[in-house]
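Chemist: Protein chains in written order, with this note's numbering: chain Z, 1 to 136; chain F, 1 to 136; chain X, 1 to 136; chain V, 1 to 136.
Hints in this document: simulated from the structure, not taken from any laboratory. The reader is advised that the hints may include incorrect statements.
Distance condition first, Cα-Cα at most 20 Å in a straight line; then the derived PhoX-like pairs of lysine-lysine [stated by the list, open to error]:
no.: 1; chain 1: X; residue 1: K92; chain 2: V; residue 2: K92
no.: 2; chain 1: V; residue 1: K92; chain 2: V; residue 2: K70
no.: 3; chain 1: Z; residue 1: K74; chain 2: F; residue 2: K74
no.: 4; chain 1: Z; residue 1: K92; chain 2: V; residue 2: K92
no.: 5; chain 1: V; residue 1: K74; chain 2: X; residue 2: K74
Number of protein chains: 4
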Amino acid sequence: MHAIQTLDARTIIDAGIAEAERIGNPTNIAVVDASGCLLAFARMDDAWRGSVDIAIGKAWTARAFDVETKALAKLAQPGADLYGIHASNGAKVMIFACGMPIKEGETVIGAVGVSGGTGKQDEGVAEAAAQAFARG
Amino acid sequence: MHAIQTLDARTIIDAGIAEAERIGNPTNIAVVDASGCLLAFARMDDAWRGSVDIAIGKAWTARAFDVETKALAKLAQPGADLYGIHASNGAKVMIFACGMPIKEGETVIGAVGVSGGTGKQDEGVAEAAAQAFARG
Amino acid sequence: MHAIQTLDARTIIDAGIAEAERIGNPTNIAVVDASGCLLAFARMDDAWRGSVDIAIGKAWTARAFDVETKALAKLAQPGADLYGIHASNGAKVMIFACGMPIKEGETVIGAVGVSGGTGKQDEGVAEAAAQAFARG
Amino acid sequence: MHAIQTLDARTIIDAGIAEAERIGNPTNIAVVDASGCLLAFARMDDAWRGSVDIAIGKAWTARAFDVETKALAKLAQPGADLYGIHASNGAKVMIFACGMPIKEGETVIGAVGVSGGTGKQDEGVAEAAAQAFARG
């Protein structure tokens with residue numbers, strides 16, 4: 001299995017930052033490896049301090065359940081099958097958009113998490129970041 | 001009181017794994033004893049890492065309140081009587097399906113928790129596991 | 001990289017239990033994979049309940065630092081280089097004997113943690129468990 | 001007050017990585033700003049997973065008390081004035097070497113934390129990192 005390496009994480013974060021700068025949305029970007037362990041993180045100038053933990057949590061969550069956190073959001077609503085999951089795992093589980101698995105073929109080898117702007121803005125950043133690895 | 005023993009826990013987990021393999025749903029299975037203390041645990045290959053904590057939490061919860069977590073889910077919804085209970089006990093309380101008490105007659109002597117697939121899949125696994133003890 | 005699988009974890013735990021029974025030392029045995037995530041756990045009848053968390057913590061620690069926890073103990077004493085490390089990582093770091101990395105050649109692919117008896121007893125159990133994989 | 005910016009954090013981390021590579025000591029490097037909030041982080045390939053939290057904690061601690069964590073270590077030993085401080089602040093306080101304040105003149109404007117090798121190795125990395133900002 002190909003592992004995400006430090007340099008890959010840098011590539012992923014730089015692609016995210018470039019997109020975030022393009023749309024004027026200072027944000028936080030975290031990359032975890034296949035074990036869910038933090039590999040790299042960057043907070044852009046003026047990005048929310050409270051989003052550091054959220055970005056890291058989104059990346060962790062996307063790998064912990066091999067799922068986009070956006071999909072998890074639906075399952076975690078009141079009345080849905082996984083309502084309450086956000087409190088599990090020491091409340092590291094983030095259940096809103098912008099945690100995305102990074103795949104090699106069908107295998108999840110890590111994940112990226114983005115937090116700082118609106119959901120829609122962060123989503124563009126997360127996609128740009130995740131795609132940078134696919135291209136790299 | 002008959003206590004669940006290590007060998008019982010093994011039987012329970014093996015029955016759950018057999019059912020999970022049958023339906024192609026890799027999952028996590030935890031068994032706690034009457035004191036809510038973990039007795040045995042297994043994560044099947046490719047089961048979600050984020051579900052380890054959830055499976056253990058479901059088993060703990062099912063014994064802590066002597067209830068199927070599925071029933072607790074209804075009581076824990078916004079507006080319902082126990083809304084907020086998921087944050088108690090250090091957030092160990094899991095409020096979605098697949099934590100099941102293990103009984104001897106009417107006495108709860110332990111519990112099993114399953115997490116890894118959809119609610120419906122996990123439920124079949126948890127039932128197969130819980131019944132293994134009844135038969136054993 | 002070879003990954004530890006559920007069946008390997010079972011083999012490891014069974015070898016540990018056999019040794020623990022041989023010396024009459026009921027104990028707890030945990031196995032984590034290369035990501036530090038719990039793969040399997042067993043508590044023997046009459047083993048200490050307080051040692052569940054310790055066994056899991058030892059296995060996690062042995063992988064987190066790729067070291068026998070026995071070696072870490074020396075470094076973590078008052079006055080030594082890593083004094084205070086036990087409080088890091090949410091206090092999951094165990095700094096006494098019986099967490100052992102499981103290796104394939106030079107690569108750490110998981111770890112085993114044992115807790116329940118005296119250090120010396122647990123050490124024999126952990127060694128028997130770790131060696132079962134090497135043989136397997 | 002001059003604030004540490006994302007680009008500064010990158011410079012600091014890159015200088016640390018360069019030194020770590022020079023001495024063959026894969027490590028984790030974290031940079032916090034004047035508020036103690038994480039600004040950037042990198043884990044080098046093969047660096048200890050358990051040291052992610054420690055590197056971040058060292059950086060946080062160095063700013064929280066405006067002190068090198070090496071100096072804090074002495075004060076935190078059994079019998080010394082601050083014995084027990086490692087358990088405060090949710091156990092984020094790291095009391096061994098390699099958390100260093102980053103200063104502009106006499107003003108602490110952030111901090112760097114390094115964890116992964118022996119104390120002596122990490123110290124060279126932390127110094128190289130901290131000095132990169134002074135020069136930058």
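Chemist: Each hint: holds or not?
Modeler: Hint check results:
The hinted pair formed by X/K92 and V/K92 meets the criterion: a straight-line CA distance of about 13 Å does not exceed 20 Å. Taken as a hint, the V/K92 and V/K70 pair is honoured in the structure, with Cα atoms around 15 Å apart against an allowance of 20 Å. Between Z/K74 and F/K74 the CA atoms are separated by roughly 18 Å; this keeps the pair inside 20 Å, and the hint holds. For the given pair, Z/K92 sits about 17 Å from V/K92 by alpha-carbon distance, which is consistent with the 20 Å threshold.
Note on V/K74 and X/K74: the hinted pairing holds, with a Cα-Cα distance of about 18 Å set against a maximum of 20 Å.
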